[in-house]
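Engineer: Chain residues, written in single-letter form:
Number of protein chains: 2
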Amino acid sequence: DDVEQIKAGATVLIRSHGAAPEQMTRLSQKGVNIVDATCVLVKRLQQIASQMQKDGYKVVIIGDKNHPEVQAVAGCMSEAIVIADESDLHKIAENAKLGVVCQTTQSPEFFSSMLCAIVRCSFSEVKVVNTLCKEAVKRQESAVELCRRVDIMFVLGSLESANTRKLAELCKKYNKQTFHLQNWREFDINTGSGKKVAGVTAGASTPEWIIDEFVEKLRALDRPL
Amino acid sequence: DDVEQIKAGATVLIRSHGAAPEQMTRLSQKGVNIVDATCVLVKRLQQIASQMQKDGYKVVIIGDKNHPEVQAVAGCMSEAIVIADESDLHKIAENAKLGVVCQTTQSPEFFSSMLCAIVRCSFSEVKVVNTLCKEAVKRQESAVELCRRVDIMFVLGSLESANTRKLAELCKKYNKQTFHLQNWREFDINTGSGKKVAGVTAGASTPEWIIDEFVEKLRALDRPL
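Chains A and B are the protein sequences, given in the same order. Take 1 as the starting number for the first sequence in full-length UniProt numbering and just add one per residue. Take 1 as the starting number for the second sequence in full-length UniProt numbering and just add one per residue.
Just so you know, the hints here were simulated from the structure itself, not pulled from any lab data. A hint or two may mislead.
Each pair may be met inside one copy or between any two copies, as identical chains are not told apart.
[As the list claims (entries may be wrong)] The list that follows gives simulated cross-link-like pairs (lysine-lysine, PhoX-like), each with its CA atoms no further than 25 angstroms apart:
(1) Lys65 x Lys30
(2) Lys127 x Lys58
(3) Lys97 x Lys134
(4) Lys91 x Lys134
(5) Lys173 x Lys195
(6) Lys138 x Lys97
(7) Lys172 x Lys217
(8) Lys97 x Lys54
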C-alpha cells in the first residue's frame, strides 16, 4: 500500500486530516522524516475517541466514512461505528454504552440531528463530546449570513474539498445563485451579468491568493472600461 | 420542618422515592430508627447524579420538579437543573459540560424527546445515563398493548400517584374509553354497559388486593344473575 512505496530518507507531510497511529508507526520504522501538519482539533478528536474506547465506550463517529479525517480517527481504535445518516443507525447495538464524537467540519445542524436520532435508540449510557471546529462553524454561519444579502454568491475551493462542497450546498439553500468555483479561470462573465452585489467565501483549504485574485478581478469588472 | 417534629426513639420509614442525604443525616442525629425502603433504582440514580457532580458535570434531571423522587435526587447535589419540558431549557448554560439523568418512572418517549431538545442546545460535553426503571417501562408498554385490544380500559391506583396518572394518560392516547379509578367503589356500572372486553392495569404502588378485588367483581358482572 501507500506507506510501502515510500523510500527511507524521504520527507512525508501528514496533512491536516491526520493519519492513523498504525500508519505513523510504520512511517517512523521506515526512517522517513515526518512533518506532522495534523490539525490540533483533529488530534484532540483522535485522543477523545481513543480515551472513550479505553473507558469502555463503543465509539460512534458522526461523519462521512470516506473522509480521510474520519478514516484517521477510526484508525485510532479497534472498532468504530461511523454514522453518516439515519440508515446507519442499525449498526448501533441495543443497550450499549456509547461514546459519540463528530467529524470536525460537519455543521451543528447535522451533528444535533444525528445525536437526536442516536438518543432515540435504546442505550445504557451516551457520552457525547462536541468535537466540531468552531472556525468551520463560524465560516458556515458567516457564509449563510452573507449569501442572504447578495445577488450572487461564489464559494471558492477545490471540488474535492468536503468542507468547501458543504459550504456551497449550505449557501445554495439560502441563495439559488450560488456557484462553487475552483479559481478565477472558471468564472463565466455571463454568470454575473445584471447582478449588483456579489459575495465571496472559501473553504478552509483554499489558498489566500486564489481568493485575493478572484476578489480583485471581480472588483475590476465593476470599473468603467 | 418535618424532621424537627419527629421525636427521638420514633421509627421513620423512608418510602421508595428516597430522601436527600441531608435529611437522612438529620434523622440519624435525632436518634430515630430508620427503615430505609428507598427503591434500589432511585438509590442508583442518586449515586449517578452525585458522581456526575463530583466529575465536574452540571447535573440535569429530566422529570417533574414537584415529584418527591426528583426532589430527593436534587437534594443530593449543591445545584441541579430540573427540566420538565422545553420551556425549562433556558436554565441550561451555553457550552456547558452536562450530566443528564431522568426520573425513573418517566416514559422512554418523554426521556428521548427531552434529550433531543437538550442536544440541540450548544454544549461542550453531554453525558447521559439511562436511569429509567425497566419495570415501569414494561408496565407502560404492556398497558398500551392491552388497551388497544379492549373495549374499555381501567387503570387502578391513587389519583396522587404520578406513575398511575401517567399510565392512564398514556392509555387514553390509544383508547378513549380509559378510566383511572382508585378502587372498585369508584366503578360506575353504567360505564361498562355494552362493552365486551375490559382491560385492567395498575400503578406501581397500587396494592395487590385492590387489583384482585376489582378483577373479581368485574368478572362477576359477566355471570348470569
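Engineer: A separate judgement is required for each hint: does it hold in the structure or not?
Structural biologist: Going down the list of hints, with the structure as the test:
1. In this assembly of identical chains, the alpha carbons of Lys65 and Lys30 never lie at most 25 angstroms apart, being 28 angstroms within a copy and 62 angstroms across copies at closest.
2. Taking the closest pair of Cα atoms, Lys127 and Lys58 come within 25 angstroms of each other both inside a single copy (10 angstroms) and across two copies (14 angstroms).
3. Proximity of Lys97 and Lys134 under a CA criterion of 25 angstroms is satisfied inter-copy only: 17 angstroms between copies versus 27 angstroms inside one chain copy.
4. For the homomeric pair Lys91 and Lys134, the shortest alpha-carbon distance between copies (23 angstroms) is at most 25 angstroms, but the shortest distance inside one copy (29 angstroms) is not.
5. Taking the shortest Cα distances, Lys173 and Lys195 sit within 25 angstroms of each other inside one copy (19 angstroms), while across copies they are farther apart (55 angstroms).
6. With identical chains, the CA atoms of Lys138 and Lys97 are at most 25 angstroms apart between copies only, with a shortest distance of 21 angstroms across copies and 32 angstroms within one.
7. Proximity of Lys172 to Lys217 under the C-alpha cut-off of 25 angstroms is restricted to the intra-copy arrangement: shortest distance 23 angstroms within a copy versus 68 angstroms between copies.
8. In this assembly of identical chains, the alpha carbons of Lys97 and Lys54 lie at most 25 angstroms apart whether taken from the same copy (12 angstroms) or from different copies (20 angstroms).
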